[in-house]
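Sequence order for the protein chains is F and C.
Counting in this note's numbering, the final residue of the first sequence is number 289, and the numbers go up one at a time with none missing.
Counting in this note's numbering, the final residue of the second sequence is number 269, and the numbers go up one at a time with none missing.
Each hint should be verified, as a subset may be incorrect.
Unchecked claim - Label pairs and their computed distance ranges (CB to CB):
(1) Glu105/C with Ser240/F: 33 to 39 Å
(2) Asp96/C with Pro61/F: 46 to 52 Å
(3) Thr26/C with Arg137/F: 25 to 31 Å
(4) Ser147/C with Ala256/F: 35 to 41 Å
(5) Lys120/F with Glu80/C: 55 to 61 Å
(6) Asn7/F with Lys69/C: 35 to 41 Å
(7) Ser240/F with His42/C: 53 to 59 Å
(8) His42/C with Lys210/F: 51 to 57 Å
No lab work stands behind these hints: they were computed from the structure.
Quick caveat, the model's predicted, so the values are computed rather than measured.
The C-beta atom is built at its ideal place from N, Cα and C for all residues, glycine as well.
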Amino acid sequence: MVVARANWKGFIKFGGVAVAVKLYTVASSSERIAFHTLNRVTGNRVRRVFVDSETGDTVEPEEQVKGYEVENGDFVVLEPEDVASAIPESDKTLKVEAFVPCNEIDDVYFDKPYYLAPDKMGADGFKLLRDGMRKGRVAALARTVLFRRLRTVLIRPHNNGLIGTTLNFDYEIRSSEEAFDQLPDLKIEGEMLELAKHIINTKKGSFDPKAFDDRYESAVAELVKAKIEGRALPKERAPSPSKPGDLLQALRESAALVSARKPKRSSQKTDDGASSRKAQRISRSKRTA
Amino acid sequence: MALRPYWKGYLKLSLVTCPVQMTPATSESEKVRFHTLNRVTHNRVMSRYVDAVTGKEIEDEDAVKGYQKGEDDYVILEEEELENVALDSTKTIDIDVFAPSDSIEWIWLDTPYYLSPNEPVGEEAFSVIRDAMASEDMVGISRLVISRRERAVMLEPRGKGIVLWTLRYGDEVRDENAYFGGVDDSPSDPEVVLLVQQLIKKQTRHWDSKLVADPVQDKLLEIIEAKRKQTKRPAKTKEINPKRAPSNVINIMDALRKSVEGENRRGKR
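Construct the complete structure from the given sequences, taking the supplied hints into account.
See below:
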């Protein structure tokens with residue numbers, strides 16, 4: 001089997017144990033549809049140049065330098081070595097600083113996942129850390145210099161291996177509490193909730209990433225074709241929002257609609273099985289509290 | 001205080017529809033941000049478009065998207081036209097499938113957004129969809145066009161709102177068997193695992209956003225402050241007396257220092 005080259009090699013250190021590991025990218029980002037930027041007047045392609053905001057002269061990349069604005073228009077210049085000096089020396093070690101219960105982890109901090117595999121097959125320490133964390137339902141938080149940036153990495157068991165996810169820093173994330181602070185505290189109960197639960201259960205299925213197709217590119221191709229042929233471009237109608245007074249009616253009609261159809265994706269009975277899930281919900285709501 | 005929404009549209013469950021807005025969970029506003037300067041003049045550097053053939057600078061409003069049909073053959077597409085691309089997922093998140101909340105592995109989560117009702121008229125409908133998912137411990141799976149791609153998205157109730165995650169494409173995630181296939185899966189010595197579990201227990205803490213503090217940003221601000229003092233003319237030093245006129249940098253540094261000290265105290269306990 002051809003294995004890609006490791007993106008990083010180093011150690012995970014927990015307690016007094018150092019485990020040699022290799023780190024591999026999990027996800028590559030796939031191509032998006034590429035448009036070119038044109039000059040509307042001439043129809044020619046354009047290219048980007050960098051100019052001095054005062055003199056208008058072109059500034060070549062080697063003449064560009066980072067500046068931090070301290071007062072209006074006043075900058076402190078930082079050379080690449082200044083920025084590098086703020087980053088600690090890389091010791092190639094993911095030093096575990098704490099373990100955290102998996103159900104408390106706020107996933108909005110997640111940045112990028114990496115596979116972590118033992119450098120030498122059968123590394124006992126690797127398996128111990130993996131199995132210990134799995135039993136304790138925790139993940140490890142470690143810090144290291146990864147690709148010339150200091151990163152916090154969340155390490156967790158994943159099947160036979162480990163996954164290390166880089167985390168965004170606290171100041172890079174707005175908390176959900178803050179984001180939803182202004183929303184009214186509406187609790188839905190009674191018939192409306194029951195109907196909505198019923199609809200959800202008839203639509204029960206699973207996410208199959210392999211079956212998902214990005215339809216955007218072909219839709220744009222269709223749009224281009226229509227434009228060339230001088231056809232009117234199809235206008236997407238905005239749906240009309242359900243009015244509060246009609247909400248119950250919309251739910252009743254939806255429920256009747258889905259009941260009339262045979263559930264497509266699941267043969268499961270759609271009674272609400274909330275009781276068995278209650279325990280989980282309680283632990284989940286603690287997380288957000 | 002309210003952030004400009006990144007996207008506005010509709011959330012739909014069967015015949016129930018409500019207007020919603022979406023903002024990214026990530027934010028650049030607190031990050032130490034740099035501008036690009038001309039090393040010689042110390043003026044800011046700006047990006048400009050020039051016509052590739054005539055070499056003349058062009059106005060921003062004359063820059064337009066072109067779809068390549070063939071070599072040197074483009075069709076101009078205006079933003080409004082692109083908005084009308086014939087996909088319902090540009091304007092509407094129609095939740096078509098629901099899945100148990102723990103059924104989607106973290107590995108598929110790409111970028112988080114916060115979804116909330118956009119107008120009071122939609123608050124109740126939004127809450128119905130949110131609360132029904134929460135009480136069934138389910139997440140919604142749908143599609144949404146974001147930055148010129150149609151993405152699979154997951155909707156998860158969180159507090160009074162909904163977190164929307166874009167999910168990675170199937171072909172983006174590499175097969176783990178290529179990396180973990182060779183890992184020996186014989187069980188570890190149970191006695192040693194027990195020891196590791198004890199160690200883990202001792203070092204287990206509650207999740208706290210302080211665990212993801214950044215000491216580098218702190219250092220960078222110190223370096224900036226030191227450089228600033230170096231380059232200040234003596235006449236001006238009085239003005240930056242922190243007692244009289246605290247500059248923004250000093251405030252940020254103080255705040256950052258305090259949170260670091262707080263973390264240190266916690267660590268010692």
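Requested in this report: Could you tell me which of the numbered hints above are not met by this structure, giving the numbers in increasing order?
Outcome: Result: no hint breaks.
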